[in-house]
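Student: The residues making up each chain are set out below.
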Amino acid sequence: MAGTTVAGAAGTAQHTADPFIVDGVHLGSRLIMGTGGAPSLDGLGAALIASGTELTTVAMRRYSPAETGSLFQLLVDHNIRVLPNTAGCFTARDAVMTAELAREALETDWVKLEVIADEHTLLPDAVELVDATEQLVNRGFKVFAYTNDDPVLALRLENLGATAVMPLGSPIGTGLGILNPHNIELIVSRASVPVVLDAGIGTASDAALAMELGCDAVLLATAVTRAQNPAMMGEAFKHAVIAGRLAKAAGRIPRREHALASSAMEGRAEFL
Amino acid sequence: MNITLNGTVHAVEDGASVTTLISQVTGRNLAPSGQAADGRKLGVAVARNSEVVPRSQWFVTALAEGDDVELVTAVQGG
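If you read the sequences in order, they're chains A and B.
Each step along the first sequence adds one to the number in this note's numbering, with nothing skipped, and position 49 is 49.
Each step along the second sequence adds one to the number in this note's numbering, with nothing skipped, and position 72 is 72.
Among these hints, one or two may not hold up.
To give an idea of the interface, some chain B residues facing chain A are shown, with a C-beta separation under 8 Å as derived from the structure [stated by the list, open to error]:
1) N6
2) V9
3) V44
Coverage of chain A stretches by chain B, computed from C-beta distances (three or more under 8 Å per stretch; other residues unrestricted) [claimed, not checked]:
4) 78–85
5) 95–101
6) 104–111
7) 162–169
8) 177–187
Keep in mind the hints are simulated off the structure, nothing from the lab.
Glycine is no exception: its CB is placed at the ideal position from the N, C-alpha and C atoms.
Extracted from the complex, chain A is given alone in its bound form (with noise of 0.2 Å):
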């Protein structure tokens, strides 16, 4: 990464630093936000433009004339680039259908897959995870596949074709931080795909911890949108990201057993 010009407040792809690119778009923003949770459109709204991001994902639910406050149109008002997920889904043959309805309706080809085993969970079902993310990249989609923090799953995802890789933290909503950096680490060492550090984030240390195991980007919806100030939150968490992103750069210190003193003990006054 170059410079240090990293915190743009309103930073456009074109002019940022470090940019995030994946599928050789240049995001000017490593946070992708989530927007389940927000009690209200306006709300929601205040706490993506706070974050900074340019990349948030819907879901895809039957049409309801009564709710025509368009959660779109909100996106494409405010240029944030709309990940559609196939959250709810429990088969491949679910999540195909489902992304396929997003294609159309969205426009776009990218996804963020999503195949749960179940609902008391929603931890990745592997199985359906890789069939799914093949039939979809044959397909042609950009599959963003959310998996298990599982280094071997990682990289059978990426070999499949996916766009980027998606381990978790730990399980979605539950704010418990990054249970298992060791394997993120792994992860991160071993993938040629963009790696998103997607669910479990409690608060902006986790994102920043995210970043500083080597993450490229990091995706988090509850820990904004049901915090108690969200647009708040939202910044905290553009901040949290940027500051990881810098610290893995700039390459922290060993960490050792015993004190090290920073003051020489040299040239020390003495007092008879």
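Following the hints, position chain B against chain A.
Tutor: Below, chain B without anything else, positioned relative to chain A:
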């Protein structure tokens, strides 16, 4: 004739196209291309009997009695 729209019975004119149905439900006018006539994004997709109907085919796809149609859009999530 009656079709099923998003899980409930829905009446449309005999031989209505997918375009007609979407206009009726969303209150937006559609061009034959499947784009909204007002130039703003429409943001919906249609599956008919578990097959996605591409936007370019909405105008020429006639609905039939008993068709099962899902009409979806983007909502908060993820």
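Student: Need the list of violated hint numbers for this structure, in ascending order.
Tutor: 2, 7, 8
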